[in-house]
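Hey, can you piece these two chains together into the complex? The hints should help.
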Amino acid sequence: MGKRAYEGPLERVEECLWRIPKSYKPGMRVDGLIYANEELIRQIRNDQAPEQVANVAFLPGIQYASLAMPDIHWGYGFTIGGVCATDPTEGGVISPGGVGYDINCGVRLVRSNLELADVEPRLEKLVEALYVKVPAGVGRGGAYRFSDRQLRDLMAEGTGYLRKRGLATDSDIELTEARGCLRDAEPDRVSDRALSRGTQQCGTLGSGNHFLEVQVVDEVFDEEAATVLGLARDRVCVMIHSGSRGLGYQVCDDALKQLRGVPERYGIKLPDRQLACAPVDSPEGRDYLGAMCAAGNFAWCNRQLLMWQAREVFAQFFGRTWEELGMALVYDVAHNIAKLERHTIGGRERKVWVHRKGATRAFPPEHPEIPQSYRKIGQPVLIPGDMGTASWVLVGQHGSMERTFGTTCHGAGRAMSRTAALKASKGRRIDRELAERGVVARARSWRSLAEEQPAAYKDVDLVVDVVHRAGLSKKVARMRPLGVIKG
Amino acid sequence: MFELFEHTADLGLRVRADDRNGLFRDAGRGLFAMIVEPAPHGEPVERRTFSIDGDRDDFLLFDWLNELLYVFETERKLFGDFEVSISDRGLEARGSAFELDLRSYRLLREVKAITYHGLKVERTQDGWLAEVIVDI
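Chains as they are written, first to last, in the numbering used here: chain A, 1 to 487; chain B, 1001 to 1136.
Be aware that one or more of the hints could be misleading.
[To be verified] Below, in silico cross-link-like pairs of lysine-lysine (DSS-like), each with a Cα-Cα straight-line distance of 25 angstroms or less: (1) A:K133 with A:K164; (2) A:K164 with B:K1120; (3) A:K257 with A:K269; (4) A:K22 with A:K257; (5) B:K1077 with A:K269; (6) A:K351 with A:K22.
Keep in mind that the hints were calculated from the coordinates and are not lab data.
Quick caveat: nothing in here was measured; it's all calculated off a predicted structure.
So here's chain B without its partners, still in its complex pose (with noise of 0.2 angstroms):
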């Protein structure tokens, strides 16, 4: 579950989840949400593979957005869902790629970059919690 909250010029992400698998699906498929609407949909182009490395949750987070941003804004591919797969080396995780399609989508704003503040990846009482502030 994701949701977007306020930060003065920019965008904050805020994600919940029971485990840490489910926090870091949910956060690339809320960077999407900010990005286009509605959510990818229709057929899609390919099944895309990831790994990352990384020891910290919250740089391994930072990295995983990154990712998919640049996938983005290189190939112009929109990520609807993933399995993601985290362990204490890092990310491996699946996804299905979508073209971005100016006719099935509309495009919402730019994320430049996803940025360190208030960067935060960590275990609550009910499960998980990740926020990070995108810049527009």
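Just chain A, with the same shape it has in the complex (with noise of 0.2 angstroms):
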């Protein structure tokens, strides 16, 4: 399950660009198209990713190509990692296996004028401060609590509803992706059920991959661009990497639920059946589209809440307002999302919806939709290394918006299974491995730790290399984590 090896054909387009013909199976209306190097590649033949992304040409409407990123893995009808793009005027359709159960699972990045030096010698404290404030992991419900008349508008108004409660300024929603909210949110389409879920976990990290860490800056390379985005050598800053907890995953299990046999009556033929689908523009589509904006909306309210826990724990730790520590926002993006965006295809302008994967926005310098302030050097990227290594930060290029709908990769992507993790882990403390490396964890599970692992991921070096010389986004910073939370 997942674990055969690819057999079909994977030509070597570019030097970090390879094909998958339509001619490879009758039903592929594009071609595949894999974003790797040579030594990526190996491991990506290893599953039956690449079998994925020939499956994803299938979809109706799709435009130019089913596309992957370097970070490629296997996944539930479409690859983590994996882009497309469907016209609504061509009977596109939309499909919630291609945006994945936790919609609108992203990265925010928060930077300071603190040093390394300022908080190296207390780090464990502050690694311990932040545990205890900030809810992580199963079962634990968050400080904030909403009323369901309460979630409804804030899924209706994304993080501009944090604004009017003081828990946003200005500043975090015009530097958040879709300024933190998805105009096509309609919350009357999230279940009950889905509401029960997210009424206490506004504001909590989850578990899984998900993380809070303290980093630093370890290596610029743009210096340009490094200071607009306020960051350089040795500054401390704050990822956070959470999505739309039990209410986005409620919301898409909603939908794969409704979709049961509707592929079928609208004459939709698929490989597989978790490519689940109808047209955006039919009951089922509209009724996915509504509920799934909506569930990106909370996920941004959630990345605000966990970012103002932090700014509160900053605060109180150091004596100073978080404004005084220079805890602005750097940027926010998705990488779990369903987007309507203006895409040239063909030398003709369209709206197609673009899902995105595993894979993240990266538009590229003078852009419309990026905040003021990046226009000069693009939209920044933010890619959440795994624990204990490297998270980076990219700006997007023009390369983004000719090959792959304004798109790059998001992370590492998993290289070990979690038994096989587990396994490699026996006898082993993983928290006295990463604090050698001078990394202070603290997780709710011990399993956590051990499926999360260093050895369990793709290295994001690599990864990230490939879109660089790809030039669909540009390198800016590396940073290295201090301190990591996780549930």
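As structure tokens, this is what we get:
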């Protein structure tokens, strides 16, 4: 199940680009295109991810190609690291599997004017303070509670709702992708069941590969862009990786249940039932879209509240306000989402639904949708590393608009299954190993640490290198973790 | 009888039983074994009844596990064992619910969702087999 090697065609098109021709399987409407170098493609061949890239090419209305980023790995129907765009005017579909269970799982980066020397002597106590304050892990309710009515307002307005409650600033909103609000949100399409899962979870970290990290900028690759983003060598920052929690999973669940038997009704033949989908302009399509956007807004609020709690911890710990500490938001990106965007395809501008599942938007300089202050350098892209190794900041480049519907990678991708990682960790104390590397780790579950150990992931530096070479996004800075909180 | 199996980013549950009722019972037990240890024990706080419609075994298994996950997440309740009865119309079950007391249990991982991937319920030579992958 997902472990057989791929045996279909992979033609090398460029140094970092491989093609699965649409002649590979009858039913493919477009080619598959995978961004990877030689080393990564060897790993990629080891599971059925390329087969899934070929399967996505069956989707009605798909434009140009079924795309995959270098951190691609096997997923449900769609790979993680997959991108596709569908045109509603050509019967284009929307597919929950192309977004993922964790709708708007994403990353935000908060900078500060603290230097490594300010934090290092007190690191363990700082991480403890964050661990105590920031809710993480299974069955952990949050500090913030919202009634059903409040949740619906929050899902309609996104981070703007939190600003009204004094939990977000104008700048926080300005520097969030989509300004923290997808206008197509329809909270009434979110089920009561999803609401009941979300009511205590806004402002909680979750577990698995989610984290809150205190990081330090290790190396700067683009001085101009780093300066604009407020990053410099040895400056401390905070990175948050989390999503829409139980509410989002339930929205995906509800949609998949509603879609049982639906593709057949629209005459859509799928090679894998997990590509379950409906035309965008259908009742089922609209149901999912409205709920998905609402869940996306919930996720932005979740990350906003996580950041707010981190700011409060730092303020109390250092005895200054978070503003005095310079803890401004750098940016926030979604990496599991579908968005209606304008793209030029075959010389013509069209509006398409871009599905990004484990892939990040990477708009280039001058794009009107990125914050004014970043127009010269391009949209920041935040790549969370796995525990104990590097995270990255990139900026979008023109290559992404030309080649990948304005998209780049999202992270490292798993190389080792959870059970294999657990086996590999037997007798080892992962937290001690991390401590030996200078990383203070606190997790609610030791299994979470073991299953998320660095060896379980592909090398993020390799992944970032590929997207840099392919012109999709450019390296700005690399950060290493000092302390990490996990669920 | 159940066991966990390997799957790249997530976790699989494989269940074998002599009959369908036992299969669904053990699938429920297996789900909680993924989430906490030790198995739920002590004084139950209530007896809960479940009733789920469905005429396809695989979707019924999916909906059954989904329901258990929902109760766990929203009410912080664990279940140790069940009495299950499957018919052509669906599933009826009863189980004893235990409070999730973190002094008595260790949380292992968060099961975010039951997935359709490789979802299988089938007869075998010796009885029944079910497989399901959960999203961690």
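Verification of the hints:
1. A:K133 with A:K164: Satisfied, since the Cα-Cα distance of roughly 23 angstroms is no more than 25 angstroms.
2. A:K164 with B:K1120: The given pair, whose Cα atoms are some 48 angstroms apart, is violated under the 25 angstroms limit.
3. A:K257 with A:K269: holds, 18 angstroms
4. A:K22 with A:K257: violated, 30 angstroms
5. B:K1077 with A:K269: Since the Cα atoms of K1077 of chain B and K269 of chain A sit roughly 41 angstroms apart, the hinted pair is violated (cutoff 25 angstroms).
6. A:K351 with A:K22: holds, 24 angstroms
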